[in-house]
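A.B. asks: The residues making up each chain are set out below.
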Amino acid sequence: MMRKVIGILLIVLGLGYVFVSFDFLPAIGDSSAPAHKHVSDYYIENALKDTNSPNLVTAVLADYRGFDTLLETTVMFSAGVCVVMILGSKSPLRKRYLVPKEILKGKPYGGIPAYKTVNKDVMTTLIEILILLYAIYVLLHGEVGPGGGFQAGALIALAYIVNVMVAPDIKPLFKFTKINAVAAAGIGVFIYAFTGLLTMFAGGAFLEYGKLPFPIPENDLHPVGIMMIETGVAIGVMATIITILIAIIERVRFDDDRN
Amino acid sequence: MQHFPALVVILPLCGAALSLALTKIHIHLGRNVIFLSLAASFCMSIMQLRNVVLNGPMEYRFGGYALPYSIEFRIDAVGGVVVSMVALMGLITAFYCISGEVRTDKIKVGGAYSVVALFVAGMLGTASSADAFNMYVFLEITALAAYCLIALGGNRGMIAAFRYLLVGTIAATFYLMGVGILYAVTGTLNLQDMSVIIHQGGKDEAVLVALCLLIAGLGVKSALFPFHGWQPSAHTHEERGSAALIAGVMVKIPVFMLFRYIYFVFGMDYKYMKQVLIILGVFVGIGMMYGSIRAMGQTNMKKLLAYSSITQTSYFMLGIVIGAPVALAGSLLHFIGDAFIKGGLFYCAGAIKYKFGTININNFGMIYKKMPVTATLIVSGALSMIGIPPTVGFFSKWYIAIGAIQTGKYIFLVLLIISSLLNAVYFFKLIEKVFMENDKEMEDIRPVKKGELPWSMLIPMTICIAVIFLLGFFNVPLINIVLPLFEGVGL
Amino acid sequence: MPTLVLEAILLLALIIITMAVIFNRDLLIVIITYCAFSFIAMFLYIVMGAPDVAFTEAVIGVISTIYFIITLKKIDRRCK
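Residue numbers (my numbering), protein chains in the order written: chain A, 1 to 259; chain B, 260 to 750; chain C, 751 to 830.
Looking at chain A on its own, in the form it has when it is part of the complex (with noise of 0.2 Å):
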């Protein structure tokens, strides 16, 4: 115990001192400073007219580093993958089967709640229907106002999270196993991978917009290609949420609470 709190406290102190004491960074928001000379003037100057989209962010993650962005969207499948591999086997079955006899000796229906309440029926149902419509609009306005594809596919998740968790006796229209979610991530990488592929045969560099094979006038184009990305990063976002959620509750049951 003691060798933790000396551990973290020299960690603070000698961090702490070299970044007191010597000022070597410059000030907060000074306008000088070569963070917002170099590259950011030729981004804020020149982004509406190469990008054709008004908001900044979305201009510079998925038109002028669209590549760091595939990557990102890489690191979560692989998380996704990596649960599922590891989280892999069912536990034996003693111990699947056995506990619930005992303890559903005192509760009817299996603990699920018997009667209609608010939360449970209305609510829920007004409230998906609430969460995936503002994801679809943010997803459809990412290039406009904040948002994009992240948070649109995790908002979609979320829709499927409160499905199953509050009302698990309703049968969901969608039922995912955990193959068909990471395959499903997998397509969604694959989308964005394939949008540059597609721009690479076409002549140009990878991930270049301008040269999409589609017939629409040049500068129309940027939009159409960062909507085919958003679209693979939610899809990808969305199934890596929901796989990671299945590969935890197969490992758990809800009756077994001796509590």
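Derived from the structure by calculation, the hints contain no laboratory data.
Just so we're clear, the structure is a prediction, and the values are computed from it rather than from any experiment.
Using C-beta positions, here's what the derived DEER-type ranges look like: (1) C:I825 x A:V5: 18 to 28 Å; (2) B:T721 x A:I6: 45 to 55 Å; (3) B:D528 x A:I6: 32 to 42 Å; (4) C:A770 x A:G16: 14 to 24 Å; (5) A:P217 x C:L777: 55 to 65 Å; (6) C:D826 x B:I620: 32 to 42 Å; (7) B:Q261 x A:S40: 23 to 33 Å.
Listed next, the in silico DSSO-like pairs over lysine-lysine satisfying Cα-Cα at most 27 Å (straight line): (8) C:K824 x A:K178; (9) B:K367 x A:K178; (10) B:K562 x B:K628; (11) C:K824 x B:K367; (12) A:K120 x C:K823; (13) B:K365 x A:K178.
Built from N, CA and C at the ideal position, the CB exists for glycine as well.
Given the structure of chain A, go ahead and fit chains B and C onto it with the hints provided.
C.D. replies: Just chains B and C now, with coordinates in the frame of chain A:
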């Protein structure tokens, strides 16, 4: 031809993404697609290396914008050779994994090859990239795949993987802080642009703090001497099929990144460079002794090889610390040869465990009668580690020693000779246990299969033996390719 | 000037919450305090002028709290 730098990295990535979806159709379709993509990546890396040797460095800009405003891949002679090595090791390890798959479970078959392909794609990208933040993201992909591969090795593998996860994430955070300070001071993320702005002067303290944070972060990931705590248990308890990749290639790529930062971004005429190199020299010197001394008392073959990896990492950093062009070239030759040597020795350990079920050295006893190919690989690997001609280990240590004499740092020459002699102690013990001791016999746990090993294990081992000797014979053309690049840097 | 005072208060609250997360013994309290940490980090991102990042942090904070509570059903609720 101009698109090859990007395709070398993108094809394994697409293969890994599609592999699980294709496994639903047929259980081996995903695996075959990944083999095809790794083979195509290897062929493209060889053609790209030939192009770079004939015509000069290749550049590839993503998105088609002008240079400091987009991400760039830059392949010069050194990068081309490293990319080819990683592609070849990835391809033969994927073959080696065929013997370990669980045929009844679709997720495990498709997922295992997918994780290996992601690992190889991450390392290929780190070696090709010339943009500071892009290197960080590729390093994260590699690390995530490595955590999964170590954790698949049983209960003790999970504990080792968890410790590596905590330490590795903090190391990546230090690297990111270093890149953040460099961006705040120079205003750009492209390595070449950064070096131009730093050489204009006036920013020396900030760059010193950034350099220390970078050395701390990349040193943990490559298991340099004081930061090596995660390494021995992680290499001992990992899954059998991928031990060669993790121990042979993954700990070397952060050393390559550190080389790029020290020589191409900061340059030798930076004000505080000599003091930093002296401190690195102390770490390297102690590390060479420590690895050999700890390895002498081990009876588990994998743990012995894991401690000897600490010594090998110190040899790479020794080339960087000495700084003469010949020493850098020798260090690069050792880098490439050691991937095949260490990888080959881990293949042998996996093969002995597959056939006999245990890898305790004291019980080996006349293995060479039952497993001739494995015994050949152990002997050639051990000879190369000690440094006996005509294997590649001798030539690389020779070049590093010449570099040490040229710049007058005789202490490193003495340490190099002492640590080679200490290596000889335990590698000769290993060779002796393979060939002598005819009073101990090990039981074969799979007696129905005839022959030594399945063909999917024999092909990677044969390729490793061939490469160790070929690199030893043909090392002069290789040094002539990379030496002009090193003439521009150096003291 | 008022911006710096607001940021200082939020950062101080962040340090206190982190101490509570590390040195507590009941895992359910640790999970809920971690959710509060995520909430205060979201405020910090808004004050620094990054609405996209704040949006993402809000959604991910909710999802990761749900994962932790599901895992808590399987393991022991105390911690040595």
